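Colleague: Spelled out from the first residue to the last, the chains are:
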Amino acid sequence: MTTRPLQKAWNKKQAIKSFLDKFKIVFEMKDDAIDLREMAKNYPNEIIPLEEIYSAVKTVIGPKYDIDQGPYDPENDPSSPKFTYITWEQSYLWSIFQRDVAPNHVEKIYRDFDHSAVIVPCAVKITFKEGKLKGKTIYCIWDGHHTMQTMRAKGYVKFPVWYIDADAIPLRQIEEEGFGSSDEERIKYAAYLAGKNSRRINGKNKRQMAPYDDFMIGIDTRDPQYTAMSNILNKHNCVPKRHATCAGAFTQIKSGIECYDLADMYGNKGMYWDRAIMFHRTNWPGAPLTLEIFRPLSYLYHRANIEGFTLDANFDKELAAMLINKWGDAESIQESIKDSYWKALSAGTVKGTIPDHDKERVLNGIINFYVQSGGKTLLPTPTCQWKV
Amino acid sequence: MNKLFYIFNDPLGAKDAKIGITGHPAVRLGVYQNSYSRNSHVACFNVVYFGPAKAIASLEKAVKQQFDWDIERDGRGASEWIAGQSADEIELKIDAIIDGYKFKIEKVDSKYLPLTVDGLEDFFKCYSLAL
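Line order of the protein sequences matches chains Z and U.
Numbered as in our numbering, the first sequence ends at 388 without a single skipped number.
Numbered as in our numbering, the second sequence ends at 131 without a single skipped number.
Think of the hints as simulated: they come from the structure by calculation, not from any bench.
Keep in mind it's a predicted model, so treat the numbers as computed, not measured.
Where a beta carbon is used, it is the ideal one built from N, C-alpha and C, also for glycine.
Be careful, since some hints might not be right.
Unchecked claim - Label-pair ranges, simulated between beta-carbon atoms: (1) ASN34/U x ARG37/Z: 44 to 50 Å; (2) ARG73/U x ASP73/Z: 54 to 60 Å; (3) CYS126/U x ASP261/Z: 48 to 54 Å; (4) GLU72/U x ASN45/Z: 31 to 37 Å; (5) ASN268/Z x GLY84/U: 49 to 55 Å; (6) ASP109/U x PRO285/Z: 24 to 30 Å; (7) SER79/Z x ALA83/U: 48 to 54 Å; (8) ASP109/U x GLU307/Z: 47 to 53 Å; (9) GLY84/U x ARG37/Z: 25 to 31 Å; (10) ARG37/Z x ALA83/U: 37 to 43 Å; (11) ASN45/Z x ALA83/U: 31 to 37 Å; (12) ASN34/U x ASP312/Z: 58 to 64 Å; (13) ASN34/U x ILE201/Z: 51 to 57 Å.
Let the hints inform the model, and build the full structure from the sequences given.
Modeller: Encoded structure:
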């Protein structure tokens, strides 16, 4: 009897591992992010050819999608977008496929405007073939309208647009989509196209910038606050990461900024967050940073300072010993404190102001726990009390 | 509620080891025993840790992160096999992880190891465990 050889099933991890074999510096390749900062270290000047990134993307997606298609040359396809500059007089808007205009958003862009940072608005070009507007060509904006208004305010005399030429789209294609050949029908088709694209771009396929990416770009482009935060993280051997995959990984960017922003009476920022991170790293050196440890501690140090309490280094040691002895790791500590709060709340034994956020629950929980465990240092009064 | 974190060597001789967690070691050992006769090999855990379910789950996550590239495949039946390392080698690294995270997790004394279904009763009694 002959045995049929086993066909190896595709395995994502194996595919990624084998892809990474050719790199000196290994980097994370996950569905939601390929770490391009690390990947770039494998290339001269840390600049990566897009084809290399494409190979990485294909590796992660795997064989379930056939994403190699073509060849397709958009330059010679009449229905693909083209670039041009238009005048203000040629610029129009169809309210059926654009959002309402928000003056405060125009103002926001205006205040932060830079000529080198204009994203090209998108439009549909139509030439009227009949009626009063016969022969007139207009461009209807379907994305970037706020940018257009801001450029107008900045005195632009020409406006860059990336446009679909509805005049050049073959009639057959328009009819296949269920529209007719009259001006009215072509306009309806252009509106349909613009509306569909507007929803695609602004809704379905929009990928918001993650706080991690914003933070890393801020550091790389020398934003003063992010640089200061980065210095604090470096001091404690911490590293900003998208996922909490290593010791000292800092993933809760927005909350980190919130903690960094806690200032003393002279407006100095960062010191409470710095100390909270030191507390974390000293006591759980192998763990990623746990938000509900560094955040409540930042607030505790801040409140103590503002209210005139002295929390010295011995306090940190005493509190850490109590927490570790009771629960051990940082995640268990914050989860157990929250559990005790919810149990006390359902038993009706929470006294004081009911907190509406985890940071207050854990902050109060830490204060209550410290006092109940016989802590020697005087702390700010908790805003709510329960048996932790 | 307590749970166990276990490591066992490949019974067929590869220098690979499997990690896992369970709240029902008798059932889990029975599942492994299903794959081969007791006359060939008695299913066992070579290294065992125990502690609160939350801490054990966090330990498992941390271990999988640390051994990420040593776990060569993902998917059912593959994602817990650490390639090229024995249970003893992995144990040392897990001890370091537990220390770095300060997990409230205890290691089972070597006299109960390797832990088999036959040794479970004594093990439970000694550690006053209710899994």
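Colleague: Decide, hint by hint, whether the structure agrees.
Modeller: Evaluation of the provided hints:
| no. | hint | in the structure |
| --- | --- | --- |
| 1 | ASN34/U x ARG37/Z: 44 to 50 Å | 46 Å, holds |
| 2 | ARG73/U x ASP73/Z: 54 to 60 Å | 41 Å, violated |
| 3 | CYS126/U x ASP261/Z: 48 to 54 Å | 52 Å, holds |
| 4 | GLU72/U x ASN45/Z: 31 to 37 Å | 33 Å, holds |
| 5 | ASN268/Z x GLY84/U: 49 to 55 Å | 51 Å, holds |
| 6 | ASP109/U x PRO285/Z: 24 to 30 Å | 27 Å, holds |
| 7 | SER79/Z x ALA83/U: 48 to 54 Å | 52 Å, holds |
| 8 | ASP109/U x GLU307/Z: 47 to 53 Å | 49 Å, holds |
| 9 | GLY84/U x ARG37/Z: 25 to 31 Å | 29 Å, holds |
| 10 | ARG37/Z x ALA83/U: 37 to 43 Å | 28 Å, violated |
| 11 | ASN45/Z x ALA83/U: 31 to 37 Å | 35 Å, holds |
| 12 | ASN34/U x ASP312/Z: 58 to 64 Å | 59 Å, holds |
| 13 | ASN34/U x ILE201/Z: 51 to 57 Å | 54 Å, holds |
Figure legend: structure checked against the earlier numbered hints; hints not met, in rising order: 2 and 10.
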